[in-house]
Amino acid sequence: MFRNVAELIELAESKNCKISEIMIQQEMDVTGRSREEVLGFMDRNLRVMEEAVLRGITEDVRSHSGLTGGDGKLLQTYIKSGKSLSGELMLDAVSKAMATNEVNAAMGTICATPTAGSAGVVPGTLFALKEKLNPTREQMVEYLFAAGAFGFVVANNASISGAAGGCQAEVGSATGMAAAAIVELAGGSPSQSAEAMAIALKNMLGLVCDPVAGLVEVPCVKRNAMGASNAIVAADMALAGIVSRIPCDEVIDAMYKIGLSMPSALRETALGGLAATPTGRELEAKIFGIPLNEK
Amino acid sequence: MKYKSVFDIIGPIMIGPSSSHTAGAARIGRVARSLFGRKPKYATISFYGSFAKTYRGHGTDVAIVGGILDYDTFDTRIVDALTIAKQEGIEVKMTAEDAITDHPNTARVIIGDETDRIEVVGISIGGGKIEITELNGFELRLSGNHPALLIVHNDKYGAIAGVANILAKHEINIGHMEVSRKEKGKEALMVIEIDQNADEIIINELNSLPIVQQVVKIHD
Numbered sequence: 090m091f092r093n094v095a096e097l098i099e100l101a102e103s104k105n106c107k108i109s110e111i112m113i114q115q116e117m118d119v120t121g122r123s124r125e126e127v128l129g130f131m132d133r134n135l136r137v138m139e140e141a142v143l144r145g146i147t148e149d150v151r152s153h154s155g156l157t158g159g160d161g162k163l164l165q166t167y168i169k170s171g172k173s174l175s176g177e178l179m180l181d182a183v184s185k186a187m188a189t190n191e192v193n194a195a196m197g198t199i200c201a202t203p204t205a206g207s208a209g210v211v212p213g214t215l216f217a218l219k220e221k222l223n224p225t226r227e228q229m230v231e232y233l234f235a236a237g238a239f240g241f242v243v244a245n246n247a248s249i250s251g252a253a254g255g256c257q258a259e260v261g262s263a264t265g266m267a268a269a270a271i272v273e274l275a276g277g278s279p280s281q282s283a284e285a286m287a288i289a290l291k292n293m294l295g296l297v298c299d300p301v302a303g304l305v306e307v308p309c310v311k312r313n314a315m316g317a318s319n320a321i322v323a324a325d326m327a328l329a330g331i332v333s334r335i336p337c338d339e340v341i342d343a344m345y346k347i348g349l350s351m352p353s354a355l356r357e358t359a360l361g362g363l364a365a366t367p368t369g370r371e372l373e374a375k376i377f378g379i380p381l382n383e384k
Numbered sequence: 003m004k005y006k007s008v009f010d011i012i013g014p015i016m017i018g019p020s021s022s023h024t025a026g027a028a029r030i031g032r033v034a035r036s037l038f039g040r041k042p043k044y045a046t047i048s049f050y051g052s053f054a055k056t057y058r059g060h061g062t063d064v065a066i067v068g069g070i071l072d073y074d075t076f077d078t079r080i081v082d083a084l085t086i087a088k089q090e091g092i093e094v095k096m097t098a099e100d101a102i103t104d105h106p107n108t109a110r111v112i113i114g115d116e117t118d119r120i121e122v123v124g125i126s127i128g129g130g131k132i133e134i135t136e137l138n139g140f141e142l143r144l145s146g147n148h149p150a151l152l153i154v155h156n157d158k159y160g161a162i163a164g165v166a167n168i169l170a171k172h173e174i175n176i177g178h179m180e181v182s183r184k185e186k187g188k189e190a191l192m193v194i195e196i197d198q199n200a201d202e203i204i205i206n207e208l209n210s211l212p213i214v215q216q217v218v219k220i221h222d
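Going down the list, the sequences are from chains A and B. Residues in the first sequence are numbered from 90 upward in steps of one, following this note's numbering. Residues in the second sequence are numbered from 3 upward in steps of one, following this note's numbering.
One or more hints might be untrue.
Stated by the list, open to error - Here are the simulated DSS-like cross-link-like pairs (lysine-lysine), alpha carbons at most 27 Å apart as the crow flies:
hint : chain 1 : residue 1 : chain 2 : residue 2
1    : A       : K346      : B       : K4
2    : B       : K4        : A       : K107
3    : B       : K6        : A       : K107
4    : B       : K4        : A       : K291
5    : A       : K104      : B       : K6
6    : A       : K172      : A       : K221
No lab work stands behind these hints: they were computed from the structure.
Turn these sequences into a full structure, and let the hints guide you.
Below is the structure:
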């Protein structure tokens, strides 16, 4: 069983196989399930992600609070106008990441990757890349195993909980996972996946979890948007041959330690950051019908 | 390692909006329900830390009650769980506590009826994964991801051997095991995570051991 990214890369290189394959084999070993079962479970997760993306970009999804919804769809319309500055693939990923999180905020059905609050980044990037790289269904399933392998290391060596480690542990982890999986899908090497993860996560360090009114909406939906774009840029950098000066495992460790030193007000308590801004407080009062001075 | 499966990371399939505060809460409620073994008449739930501050926004309240109603994380009835619980005659009380707990996402669930009552403390550690840390005052660590046996027994020599012998005879493999007690020589709790579901015959055999007071099983 691999315990860190270095071991994961070494395993993939020594067996001359993809990171996703190492994850599939480990899952079979740990659970005693057959290859078909393991792939089947992941395919079911993929289907849920696909449905959530589709729902978010086509339907008029709105959360109960009214804070979020419809932005993924809005961005699709903008892409079609042909005027976008950052390019179709990038904005498509951003739109699909937001779409997933808008469905999540509306208490729709999603697949946590690695959490619900950060569920947009991995599928958002995948379903945007699908348009450009035309992967097989099997390769799309592998994408999720590759992302899962890196998430597995983060979850065991640091945290994937906003309450424990801030948003860097949620959208940050998801961004690193997606960056690594993009590299594999685009034909990069296992070590390039690790570089992409490191580059992506480095740029998410310190990100706090400060949801307005404690809802997984503001700023979560837009943080997934930026996570998706960050993941694609980091993957491109790694594919170009750029390496992270700080190794991936040390970046993960830094993320963990930053989380430990983060005050509780910035770890999913809705007591600090954006949640504590005048507008954040006003929205909270309105949503729950509690007068501001009683907060 | 806390996370053993890739599906702890890519998954669960769930109703939004939060894996820790919605899916995790539903799982804590559901483990409490399966420990109790039937529909309770009342549920008293206390939230701590981030759960206490944000449970309304995250739907933690509907999710944990959904779990008590035996709903899985992806069951869309979770959204209406509070109304359904009321219709089914379950009296639900919920409080947000100020006390600081070891883990920021902690819930204490007391469920019961006229004849029985159990008290469970669960933590939601991220991505929908949970641990049960306390049962009726006993400290333990239970993931709820594997079938498990919880055995209340006399704190006396031979208890572990007696239980292990029965499991060995039925070719049930133990994956993880813990024993805890509140006081030396009194009541103790064995928590055994097993690789296969234990059937009724095994439960009856375990119950027939003089040293065993109660056996509860949790399915996968």
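Going through the hints against the structure:
1. Restraint check for K346(A) and K4(B): satisfied, since their Cα atoms lie roughly 18 Å apart, inside the 27 Å limit.
2. At roughly 24 Å between alpha-carbon atoms, K4(B) and K107(A) fall within 27 Å of each other, so this suggested pair holds.
3. A hinted pair counts as satisfied when its Cα atoms are at most 27 Å apart, and K6(B) with K107(A) qualifies at roughly 20 Å.
4. Using a Cα cut-off of 27 Å, the hinted pair K4(B) and K291(A) holds, with the two alpha carbons roughly 24 Å apart.
5. With a C-alpha separation of about 22 Å, the suggested pairing of K104(A) with K6(B) holds against the 27 Å cut-off.
6. Pair hint K172(A) plus K221(A) holds up; C-alpha atoms about 19 Å apart against a cutoff of 27 Å.
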